[in-house]
Amino acid sequence: MLTYQDVGLSAYEEQEIMRLLGRRPNELELGLFGALWSEHCSYKSSKNLLAQLPHQGRFVVQGPGGNAGVVQLSADWDVAFKIESHNHPSFVEPLQGAATGVGGILRDIVAMGARPIAIADILKFGTNEKAPALLHGVVEGIGAYGNAIGIPNVTGSLGFSAVYDANPLVNVLAVGIRRHGLHVGADGARPGSVLILIGQGTGRDGIHGASLLASHDFGAETEEMRPTVQVGDPFMGKLLMEATLAIVDKGLSDAVQDLGAAGLTSSTAELAYASSVGLEIDVSQVICREANMSPYEVMLSETQERMLLSVPKHNLAAVLEILAWYELPYAQIGQVMAGDFLRVVAGDQVLAELPTSVLVGGCPRVPVKHGKRMGSIDQSGAVETGNLELAWGYQVLGHADCRDRASVYQRYDSMIGIRTVWGPEHDVAVMHLENGSPGICIAVAAPARWAEIDSYSGGIGAVAAALSLVATQGAVPLGLTDGINAGNPEKPEAYDKMAALIQGIGKAAEIFEVPVTGGNVSLHNETEGRAIWPTAAIGVVARHPSPEHPMADTPPYAGARVLILNPPTKPDLGGSVLAEILGRSASYPTLDVDAIQHSVHFLAEIVPQAEHVGLLACRAVGVGGLFVTVAKSLIDKNPMALGAHLNLAQDVDARFVFNEMAGQWVLFVDPKISPFWDHVSETHGVSVIDIGSVTDSPELVLTGGRTLTWPLIDLKRAYRKGGVRDVR
Amino acid sequence: MVLDYRLRSLPVLDRVILPGGFSYGDYLRSGALAAAAPIMDAVEKAAADGMPVLGICNGFQILCERGLLPGALLPNPGGEFICQWQTVRVASESPLFTGLDQGRVLRLPIAHHEGSYRVTQGQLAELFERGQVFLQYSDPEGQLHGLANPNGSVANIAGVKNHNVVGLMPHPERAMAPYLGSRDGADFLASWLGMGETVVC
Chain A
1 MLTYQDVGLS AYEEQEIMRL LGRRPNELEL GLFGALWSEH CSYKSSKNLL AQLPHQGRFV
61 VQGPGGNAGV VQLSADWDVA FKIESHNHPS FVEPLQGAAT GVGGILRDIV AMGARPIAIA
121 DILKFGTNEK APALLHGVVE GIGAYGNAIG IPNVTGSLGF SAVYDANPLV NVLAVGIRRH
181 GLHVGADGAR PGSVLILIGQ GTGRDGIHGA SLLASHDFGA ETEEMRPTVQ VGDPFMGKLL
241 MEATLAIVDK GLSDAVQDLG AAGLTSSTAE LAYASSVGLE IDVSQVICRE ANMSPYEVML
301 SETQERMLLS VPKHNLAAVL EILAWYELPY AQIGQVMAGD FLRVVAGDQV LAELPTSVLV
361 GGCPRVPVKH GKRMGSIDQS GAVETGNLEL AWGYQVLGHA DCRDRASVYQ RYDSMIGIRT
421 VWGPEHDVAV MHLENGSPGI CIAVAAPARW AEIDSYSGGI GAVAAALSLV ATQGAVPLGL
481 TDGINAGNPE KPEAYDKMAA LIQGIGKAAE IFEVPVTGGN VSLHNETEGR AIWPTAAIGV
541 VARHPSPEHP MADTPPYAGA RVLILNPPTK PDLGGSVLAE ILGRSASYPT LDVDAIQHSV
601 HFLAEIVPQA EHVGLLACRA VGVGGLFVTV AKSLIDKNPM ALGAHLNLAQ DVDARFVFNE
661 MAGQWVLFVD PKISPFWDHV SETHGVSVID IGSVTDSPEL VLTGGRTLTW PLIDLKRAYR
721 KGGVRDVR
Chain B
729 MVLDYRLRSL PVLDRVILPG GFSYGDYLRS GALAAAAPIM DAVEKAAADG MPVLGICNGF
789 QILCERGLLP GALLPNPGGE FICQWQTVRV ASESPLFTGL DQGRVLRLPI AHHEGSYRVT
849 QGQLAELFER GQVFLQYSDP EGQLHGLANP NGSVANIAGV KNHNVVGLMP HPERAMAPYL
909 GSRDGADFLA SWLGMGETVV C
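Taken in sequence, the protein lines are chains A and B.
The opening position of the first sequence corresponds to residue 1 in our numbering, with each subsequent residue numbered one higher.
The opening position of the second sequence corresponds to residue 729 in our numbering, with each subsequent residue numbered one higher.
Note that these hints are calculated values from the structure, not bench results.
Being a predicted model, the structure only gives us computed values, none of them experimental.
You may find that some hints are simply not true.
Simulated restraints on C-beta separations [what the hints assert, rightly or not]:
id	chain 1	residue 1	chain 2	residue 2	range
1	A	S546	B	R757	39 to 45 Å
2	B	G807	A	D636	24 to 30 Å
3	B	G859	A	K637	35 to 41 Å
Backbone N, C-alpha and C fix where the C-beta goes; we use that ideal spot for every residue, glycine too.
Given the sequences, and given the hints that come with them, work out the whole structure.
This is the structure in structure tokens:
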């Protein structure tokens with residue numbers, strides 16, 4: 001006899017089920033509850049927190065709740081985008097775990113009727129001996145699935161810390177486009193329509209993946225869960241994508257839902273709930289890959305490459321014709337009716353019947369706990385350093401978090417689809433759609449170190465960092481997606497950090513006036529009591545005014561002036577790479593969000609007229625601070641072997657050079673157009689300081705009391721090869 | 729026009745391109761399954777009758793698997809996918825590519841897992857003697873050396889031809905405009921189409 005523990009529910013939840021149903025559920029029904037009331041499917045710990053995020057904005061077409069958020073890019077095009085995580089499976093089986101994670105998020109985009117055009121990966125790995133093999137497998141898996149079905153990897157973020165040793169993070173942002181005005185989703189099913197399950201035959205793979213693997217901490221028994229990781233079939237995924245898009249383009253389906261976590265159970269229940277209809281599905285009609293599968297197994301299988309379509313009867317013949325053309329397996333598995341139920345039958349035998357208002361809507365949510373916001377006060381004080389040492393420059397630039405990413409991104413196809421104007425060799429991606437159309441600017445940020453001590457400020461910083469990136473292009477941010485990764489929410493400390501992180505994201509989204517249109521929460525990233533840093537992976541999509549002419553990120557000639565837009569008034573090393581190298585732990589500094597917002601608006605105004613004001617190149621200060629930002633500007637695409645000479649105030653201040661406070665930019669400007677920049681503080685109310693100039697000597701020089709010189713060739717070596725930790 | 733792989737005969741055509749992509753998910757070996765697709769019988773027949781056939785990346789792999797071009801494409805030496813910009817040098821002129829002079833250097837992207845071109849023992853000299861070596865990986869100045877070879881291809885070979893059948897690993901269709909990083913691909917395809925270099929994209 002199956003018990004509530006077997007399906008991952010608590011005693012309280014079992015009581016709630018009996019109270020709401022007025023009876024004891026049978027075994028199959030209990031299994032359905034186990035899946036849908038799991039953390040993975042119900043978001044029970046985070047839903048009330050996520051509800052506080054701003055979801056509305058003038059570009060929002062579809063907010064959270066669907067398979068992906070949708071924003072309006074132009075009169076012709078909408079953009080569907082979302083971050084998903086596949087952390088646990090990728091640790092258990094890196095290649096297939098990552099591959100199926102990509103497959104899943106791409107199906108989410110397709111289920112919104114959008115054609116995926118770009119992938120970005122946000123990865124965190126440990127520092128132990130297992131990490132390189134995990135990274136290698138994950139990169140292989142992401143490329144082998146996404147690229148193989150025609151989607152390029154255009155940008156990403158990669159970071160390392162020992163806290164991810166046993167809990168690496170694999171978050172993937174997918175971006176798709178659809179014609180403006182096309183409405184596709186899970187919420188349109190109408191009574192009388194037929195349910196068609198298309199794609200891969202259902203097997204025994206991944207049963208309980210959502211309820212057990214993804215909703216509990218790792219421990220010794222995790223090894224036994226290897227069979228709960230699914231195996232991807234990208235060719236089937238390609239056929240499924242093309243067939244689904246062909247069907248929705250012709251308006252032949254009234255609702256679409258992909259099959260992800262908890263398979264048929266969640267897809268049918270969520271489609272019924274979203275559409276306010278009843279569904280009857282006949283498990284005996286489902287095409288199975290294996291013999292003698294029980295109804296329980298059929299309902300809970302997480303076999304990949306499956307999609308559920310609701311098709312009005314008069315469109316059935318046309319849909320079947322498309323499916324036949326793509327040689328895609330399909331079965332009619334049920335029908336849409338009026339009512340509030342999910343009924344599972346096998347022939348004429350009723351196996352389960354549950355109200356979806358209880359099955360989907362009834363899961364008890366964890367109420368928001370107030371009053372314990374982490375890190376609202378500066379607990380640890382600023383990091384103090386002595387005199388800046390030459391070695392720090394090489395150590396920071398050669399740190400695993402700052403180093404050249406070519407060894408990763410060259411293993412991805414970044415150009416397939418021929419829309420990539422700027423790919424992963426830049427800090428932001430720029431995608432071209434069609435002549436005369438605005439482009440899409442995509443950026444991700446996942447500054448994990450920031451949020452450990454002060455999760456609230458870390459949440460604000462993560463959003464500010466992502467928006468700072470698209471601001472370099474003068475692009476208009478349309479929406480945000482957040483991938484929240486945290487530890488076990490049943491532990492107060494982990495819960496509080498997650499709550500503060502989400503509240504910080506919400507605060508920033510509100511002030512920057514960019515809505516969060518969807519995302520993902522991955523909890524229980526914890527092994528044997530050790531949790532990861534609370535990590536927000538933020539993705540932003542923005543409207544690029546001139547995708548054929550991105551704003552440059554490298555200075556074109558010697559003599560160009562180097563300016564900083566919005567330098568921090570009190571630079572602070574909290575959360576920085578240098579602080580980690582020096583072994584100093586401090587909370588992420590509080591940002592002046594209004595000043596950042598003002599600077600973002602300034603860039604939006606200035607970048608499109610860059611030529612008139614002599615703006616030559618622009619880069620957001622990121623990981624590694626000003627030093628790494630300037631160094632990368634000199635290393636990247638620099639056949640001229642330019643250098644830079646920066647004049648700082650008295651005593652070269654490490655806090656100024658290495659702080660990672662989001663919302664500051666390095667600008668390279670034409671020295672001949674000086675008056676504009678000399679008076680920009682008065683005319684535009686932004687803070688801009690002149691810190692030096694580009695030189696024709698291949699070295700980075702800092703002066704201020706004394707002079708420090710880093711030859712470019714040594715910087716390149718540190719950036720490309722790393723391995724300079726020992727230099728002291 | 730796009731042709732369905734199930735066709736057993738070709739409509740009236742001037743030329744055929746087997747484009748890049750990951751046909752059949754690259755299962756078994758890149759191009760191995762597509763080489764046995766029904767339409768390939770018709771392509772083979774048309775090629776034998778002199779129709780120009782151009783295979784790009786996966787299309788090149790398919791043509792080699794089918795035996796329409798000499799040699800084979802093995803996994804890259806590191807066993808990893810490679811996507812990067814590359815320069816290639818035109819090794820020999822062809823009447824199929826008007827205006828594409830020997831020694832010309834083109835900047836084109838490569839993106840493949842199995843692009844290491846190999847031939848059987850003794851076959852290499854034959855390829856050169858017959859002028860079948862079409863493109864070679866080079867540095868931007870057109871020099872051929874090991875550092876300019878991204879994938880261990882023998883003699884830096886990036887493309888070969890067999891009369892009217894031509895295959896290459898780089899992707900000219902991804903280099904069609906300056907904003908994509910290069911427009912050398914537009915020149916290359918215009919040359920194959922016999923349009924000189926007048927195509928405006």
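Status of the hints after comparison with the structure:
no. : hint                        : in the structure
1   : A:S546 / B:R757: 39 to 45 Å : holds, 43 Å
2   : B:G807 / A:D636: 24 to 30 Å : holds, 28 Å
3   : B:G859 / A:K637: 35 to 41 Å : holds, 36 Å
Hint violations for this structure: none, all hints satisfied.
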